[in-house]
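With chain A's structure known, arrange chain B on it following the hints.
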Amino acid sequence: MGYVLEVKNITKRFGGLVAVDNVSMGVNAGEVVGLLGDNGAGKSTLIKMVSGVYHPDGGKIFFMGQEIRITTPMDALALGIETIYQDLALAENLNVYSNIFLGREKLKKILGLIKVLDHEYMLVESRKVLKKLEIEVPSLKNRISMLSGGQRQAVAISRSMYWDAKFLIMDEPTAALGIAEQKKVLDLVRLLKSQGLGIIIISHQLHDVFSVADRLVIMRRGEKVAERITKDTDPNEVVGLIVGAETVKR
Amino acid sequence: MDPNHSSENKKGFLIFLGRRWALIFLILECLVFSFTTEAFFSLRGIQIVLFYGTTIFLLGTAETFVIITGGIDLSVGFVMGFASIVSAKLVVLFTNMGVSPGVSILVGVLLTWLIGLIPGYVNGSLVARLNVPPFIATFSMLGITHGTSELLIRGVPAKNLPYLANAIGNGYFIYSVPGKVVSFFQKPEIQRGELLLEIIPNMVVIAFVFILIFAFILKNTKFGQHTYAIGGSTDAALRVGINVKTHLIKVYMISSFFATLSGTVYMLQYVTGKADAGAPFLLDAIVAVVIGGASLYGGIGTVGGTILGCLILSVLETGLRIMGVPTFDKYIAVGVILILAVLIDQFFPELIHRED
Chain A
1 MGYVLEVKNI TKRFGGLVAV DNVSMGVNAG EVVGLLGDNG AGKSTLIKMV
51 SGVYHPDGGK IFFMGQEIRI TTPMDALALG IETIYQDLAL AENLNVYSNI
101 FLGREKLKKI LGLIKVLDHE YMLVESRKVL KKLEIEVPSL KNRISMLSGG
151 QRQAVAISRS MYWDAKFLIM DEPTAALGIA EQKKVLDLVR LLKSQGLGII
201 IISHQLHDVF SVADRLVIMR RGEKVAERIT KDTDPNEVVG LIVGAETVKR
Chain B
1 MDPNHSSENK KGFLIFLGRR WALIFLILEC LVFSFTTEAF FSLRGIQIVL
51 FYGTTIFLLG TAETFVIITG GIDLSVGFVM GFASIVSAKL VVLFTNMGVS
101 PGVSILVGVL LTWLIGLIPG YVNGSLVARL NVPPFIATFS MLGITHGTSE
151 LLIRGVPAKN LPYLANAIGN GYFIYSVPGK VVSFFQKPEI QRGELLLEII
201 PNMVVIAFVF ILIFAFILKN TKFGQHTYAI GGSTDAALRV GINVKTHLIK
251 VYMISSFFAT LSGTVYMLQY VTGKADAGAP FLLDAIVAVV IGGASLYGGI
301 GTVGGTILGC LILSVLETGL RIMGVPTFDK YIAVGVILIL AVLIDQFFPE
351 LIHRED
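Which chain is which? The protein sequence lines are A and B, in order. Everything in the first sequence is counted per this note's numbering, starting at 1 for the first residue and increasing by one. Everything in the second sequence is counted per this note's numbering, starting at 1 for the first residue and increasing by one.
Isolated chain A (complex conformation) (with noise of 0.2 Å):
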């Protein structure tokens, strides 16, 4: 079976700086990948072409086995690709399953013309799909506000799983979060693998990624400088080729 997603060749520029120069990789289902990189090596932006943000200048991008052109977030969103970001893009005024629901309400009917928000059926449906992925949330009427790190990061998870997700890109997932919190959320990482998606973690946390990711793909100034088994590489080596202070085997 082919890659659930690829990016061959692909490059992105900004005026006349590359930030992505002729990247390929892929993710199979139910692998987690690595993507790893110092500070501006082109992560993001990578992640962003994949993701709608940015459209990519070359190259070309394989979701299923067919090629796709995502020129929108909510062109990736309705293919079944979901992207969490480091900040959550939660709406911390709202309840827990408003967030879930947010642009994607369910609504019902009064008097037979007057469409409203369908508070219980977004309840029930919440509680679900948090009881799925095995996660405690104090009420899910609590504003988002209320909630810890790990339990907003947990949110986020859930709204991309409710939708369908194929695939789940995440943008340092444990960043903000206490040592039990980066533990929970590894673990829901692991969970959503068994269950077939293809993930793409980007992380500064390399003990995290060691601990989820299959396989590593390392980047430097907006090149692929490597790609490595996580089980047949250690720490060192993997700062090596990021820092570049390694011969790079390609």
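Zero decoy hints are in this set.
With a straight-line cut-off of 27 Å between C-alpha atoms, the simulated DSSO-like cross-links for lysine-lysine are:
{"hint": "1", "chain 1": "A", "residue 1": "K115", "chain 2": "B", "residue 2": "K222"}
{"hint": "2", "chain 1": "A", "residue 1": "K141", "chain 2": "B", "residue 2": "K222"}
{"hint": "3", "chain 1": "B", "residue 1": "K250", "chain 2": "A", "residue 2": "K115"}
{"hint": "4", "chain 1": "A", "residue 1": "K106", "chain 2": "B", "residue 2": "K245"}
{"hint": "5", "chain 1": "A", "residue 1": "K109", "chain 2": "B", "residue 2": "K250"}
Derived coverage of chain B by chain A (criterion: at least 3 residues anywhere in the stretch with Cβ under 8 Å from a Cβ of chain A; other residues may be distant):
{"hint": "6", "segment": "214-222"}
{"hint": "7", "segment": "229-236"}
The hints are simulated quantities; they were obtained by calculation from the structure and are not laboratory data. Every residue, glycine too, gets a C-beta built ideally from N, C-alpha and C.
Only chain B this time, still in chain A's reference frame:
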């Protein structure tokens, strides 16, 4: 009882007070005025509160929508004045053309409501499409509508409105001679010495029809939900595919619609148009929204809360007037309340905002 527990209790009590202070304050206010004046606690007194409150109810509702998105609309007062003049001019124009007073008023008012959407569209476009800060965009609109109003009347107040305008603007929804007649809108003939009850001013009825419709929209519809989402996090709204620009333009148009509505109400109540008709109420409107529990940082607020805030101000104004105290004191009180409310919002948000 251990000290920890008692400090928890104390905090719980503060939160209890903090989240209900407006209601408690309103009740206290009513009690004080009921005991210190004879006229306040009466059908008449209550209706005066509502009659003078109409303007702040409408401008407060206008401001609620904008403030929830994290913006502010400083133009509502002069958009209201502009609408009062435009509607007065139109009604006089139609009557002079020989159109019957009823039709002149209806068409004049409806046309004004349409014209009144323009300042909102411009405000919203400046804010949403050209990234002009709401403060600057609407402050400029304040000047533009003020100047346009003055140009339209050139120092002479709009006058010669048909008598019917006064009858509508100062009429009541229900008239009743206890035990004999109940009539809607029409003032019945009465014998001398007979008691005629006049219940709920027409303009209050009209105001609340619109306020309730928009309160419903804000609370129960997708549009309302997206309004809150934009106020909470514009990024979050953008990433789930909400058309933030269009939405903001609509919100500013709602605001200027309510200001315009208030202008036409003013025209009917006072049978004239005046450029600065709404100017003194801008501060009141914003303060009412904040008293009602909204956050000037956006994302939080309800129309119900705003109405509560409006009632507090309107009761204060009416009560002081009945007592014969100059209402300048009110401006000071209102200014202080605004600063206090914003400080509490900034440093102890959990005291005033609910968790769900």
